[in-house]
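Engineer: Each chain is listed here by its residues.
There are 2 protein chains.
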Amino acid sequence: MAKISYLGERKVIEKIISNLEKPLKMEIPFGDDVAAVSLNRDTLAVLKTDMFVGETDIPPGMTLRQAARKAVVMTISDFAAKGVKPRAVLTSLGLPRNMTEMDIEAISRGLNDGVREYDTYLVGGDTGESSYFIVCCMVFGTSNAKRLITRSGARPGDILAVTGPFGKTAAGLKILLKGFEVSEEDKTILDAVYMPKARLSEGLALSRTGMASASIDSSDGLAVSLHELRKMSHVGFALREVPVSPEVVKFADRNGLDSVELALYGGEEYELVLTIKPKGWDKAQQALHKVGGDLIAIGHATRNQDIVLRIGDTKKEIPYRGWEHFR
Amino acid sequence: MAKISYLGERKVIEKIISNLEKPLKMEIPFGDDVAAVSLNRDTLAVLKTDMFVGETDIPPGMTLRQAARKAVVMTISDFAAKGVKPRAVLTSLGLPRNMTEMDIEAISRGLNDGVREYDTYLVGGDTGESSYFIVCCMVFGTSNAKRLITRSGARPGDILAVTGPFGKTAAGLKILLKGFEVSEEDKTILDAVYMPKARLSEGLALSRTGMASASIDSSDGLAVSLHELRKMSHVGFALREVPVSPEVVKFADRNGLDSVELALYGGEEYELVLTIKPKGWDKAQQALHKVGGDLIAIGHATRNQDIVLRIGDTKKEIPYRGWEHFR
Numbered sequence: 020m021a022k023i024s025y026l027g028e029r030k031v032i033e034k035i036i037s038n039l040e041k042p043l044k045m046e047i048p049f050g051d052d053v054a055a056v057s058l059n060r061d062t063l064a065v066l067k068t069d070m071f072v073g074e075t076d077i078p079p080g081m082t083l084r085q086a087a088r089k090a091v092v093m094t095i096s097d098f099a100a101k102g103v104k105p106r107a108v109l110t111s112l113g114l115p116r117n118m119t120e121m122d123i124e125a126i127s128r129g130l131n132d133g134v135r136e137y138d139t140y141l142v143g144g145d146t147g148e149s150s151y152f153i154v155c156c157m158v159f160g161t162s163n164a165k166r167l168i169t170r171s172g173a174r175p176g177d178i179l180a181v182t183g184p185f186g187k188t189a190a191g192l193k194i195l196l197k198g199f200e201v202s203e204e205d206k207t208i209l210d211a212v213y214m215p216k217a218r219l220s221e222g223l224a225l226s227r228t229g230m231a232s233a234s235i236d237s238s239d240g241l242a243v244s245l246h247e248l249r250k251m252s253h254v255g256f257a258l259r260e261v262p263v264s265p266e267v268v269k270f271a272d273r274n275g276l277d278s279v280e281l282a283l284y285g286g287e288e289y290e291l292v293l294t295i296k297p298k299g300w301d302k303a304q305q306a307l308h309k310v311g312g313d314l315i316a317i318g319h320a321t322r323n324q325d326i327v328l329r330i331g332d333t334k335k336e337i338p339y340r341g342w343e344h345f346r
Numbered sequence: 020m021a022k023i024s025y026l027g028e029r030k031v032i033e034k035i036i037s038n039l040e041k042p043l044k045m046e047i048p049f050g051d052d053v054a055a056v057s058l059n060r061d062t063l064a065v066l067k068t069d070m071f072v073g074e075t076d077i078p079p080g081m082t083l084r085q086a087a088r089k090a091v092v093m094t095i096s097d098f099a100a101k102g103v104k105p106r107a108v109l110t111s112l113g114l115p116r117n118m119t120e121m122d123i124e125a126i127s128r129g130l131n132d133g134v135r136e137y138d139t140y141l142v143g144g145d146t147g148e149s150s151y152f153i154v155c156c157m158v159f160g161t162s163n164a165k166r167l168i169t170r171s172g173a174r175p176g177d178i179l180a181v182t183g184p185f186g187k188t189a190a191g192l193k194i195l196l197k198g199f200e201v202s203e204e205d206k207t208i209l210d211a212v213y214m215p216k217a218r219l220s221e222g223l224a225l226s227r228t229g230m231a232s233a234s235i236d237s238s239d240g241l242a243v244s245l246h247e248l249r250k251m252s253h254v255g256f257a258l259r260e261v262p263v264s265p266e267v268v269k270f271a272d273r274n275g276l277d278s279v280e281l282a283l284y285g286g287e288e289y290e291l292v293l294t295i296k297p298k299g300w301d302k303a304q305q306a307l308h309k310v311g312g313d314l315i316a317i318g319h320a321t322r323n324q325d326i327v328l329r330i331g332d333t334k335k336e337i338p339y340r341g342w343e344h345f346r
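Chains as they are written, first to last, in this note's numbering: chain E, 20 to 346; chain B, 20 to 346.
Derived from the structure by calculation, the hints contain no laboratory data. It cannot be assumed that every hint is accurate.
Simulated crosslink set (DSBU-like; lysine-lysine; CA at most 35 Å straight-line) [said to hold, decoys possible]:
(1) B:Lys41 x E:Lys206
(2) B:Lys309 x E:Lys41
(3) E:Lys104 x B:Lys165
(4) B:Lys250 x B:Lys269
(5) B:Lys34 x B:Lys22
Based on the sequences and whatever the hints tell you, model everything.
Structural biologist: Right under this line is the structure:
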């Protein structure tokens, strides 16, 4: 009998879904970042749950307050990708019985940090006992059905874009887990690990323009995000560059690492990976600049369903590789 | 520094809430069974999350399928208590990496059992790795704001009622955890542990009558439910009987146990504990009979804020005692 460590997370999820009865109409299919229920002709209730498990998800040096905040931020990031404003957050906490009052203080402040940064509130939850610290967040919001940006709307010719460069979290985990040396200038790299940000203002601004045809966050890495967009939109992507943080380029040079690998196959990053209708590029970019964000074109969607990086005359396929649970 | 095993769950929750910024208006305050967000003048989005932790919450002999089903049922039970129909369920699963494909099959069937029994669907979720099996459910529904039955509406003179007798789960756990002997007639006792039911039809029917002034489920035991209603409604209760299952009376007699203790201080039972406006008693009872349920009067709400059981001339206070995490 196959163990799930052999199957991997995606097969496990497929297996679960295959055993579920489906409603006649699903507003958003399984496989997108959020679920939705129709409230009336135009409006969706949008729902998301995400589980943060302390034993696997807390890197060395992350405080409990940062961990609790991150659990909120990673769930809100999916709302950011869909362009939906979170209206309320609930959280179920699994707490080890040897935690102290000060730990609870840190956790509750971290949860509050997370929701308040994104202009929402924690309105309910549950606590229970567990061997490890667990935070399960649920986020609720509402959206005009036409404004919600799914994973499935990309069309050949759409511009492939991201809200920022990649690789900091992968570099940070090299430092924290593999003992690579940290220099003074790597501080922003560690910040990316300890205090990740969800691109909510960016997602909301893009949704208002109506010019994003598909969107996903990059929590499983840029390569996985591209493959997931491909699968749901039935397009391929031709990339002309991989957007790498300048700090990551320096870090990689200093340590003999490949910065493009760090940018493509990391994870736990929360930039948005988007496709933009060509006629709407300027409008979309202006909208992001207005909220202090950025929109970087890195290629375009293709009819041919492979994902290819072309630099000069070299052409390289980008494989499905990144973070997957159980493996 | 105080450990949470000393503080207990209720103090931990108080501590967490004290560190949260609150929205200007909370539709339902902390301390009730669900949270809510206003959708428009009349309608609330109703939200609930509950965490089921395998290492502490699975009694001996419970299958994975039953455990997954129960995780759904216990969350839906809070919707039952509020008289709100669940419209969608999401679930985050923590899965140990040595689980097999067959385990995933059992878990997904159990989740589907739980949602379909209550005429709703699982529409999304998340999976992650953890040492123990964890199910975190979130339920979403909508309700007319006036129809939702809170914990805080009981008034002196209201009739105290329950939807069924108590004690089976406590007796079942005596059998499963303490080695008490099980006889053929105890089958319904073990069923109560393995296949608990949420009183959803009953809660929905009561909400439609508008005659229930307050409601809570009995997941932490009948005594705790009474104390929680007291705290939120600022009333006391005079009980003239404790409703004990006939099977539990027999089980207790055979084993030299006190059946009233089993009924008052158990937990993991999902009967509703309600207050009914006196003029609406007949209407409420008929509504429950119509859906195949029952409504048993066991006393009334009092101005005096203590909880007292009076049988003949004896008068006994019912202390706050029941299930509490971390302790």
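Engineer: If a hint holds in the structure, say so; if it doesn't, say that too.
Structural biologist: Hint check results:
1. B:Lys41 x E:Lys206: It holds: about 33 Å lies between the C-alpha atoms, which stays within 35 Å.
2. B:Lys309 x E:Lys41: 29 Å, holds
3. E:Lys104 x B:Lys165: 26 Å, holds
4. B:Lys250 x B:Lys269: The given pair, whose Cα atoms are some 34 Å apart, holds under the 35 Å limit.
5. B:Lys34 x B:Lys22: Given pair Lys34 (chain B), Lys22 (chain B) holds - Cα atoms ~13 Å apart, limit 35 Å.
In summary, this structure violates none of the numbered hints.
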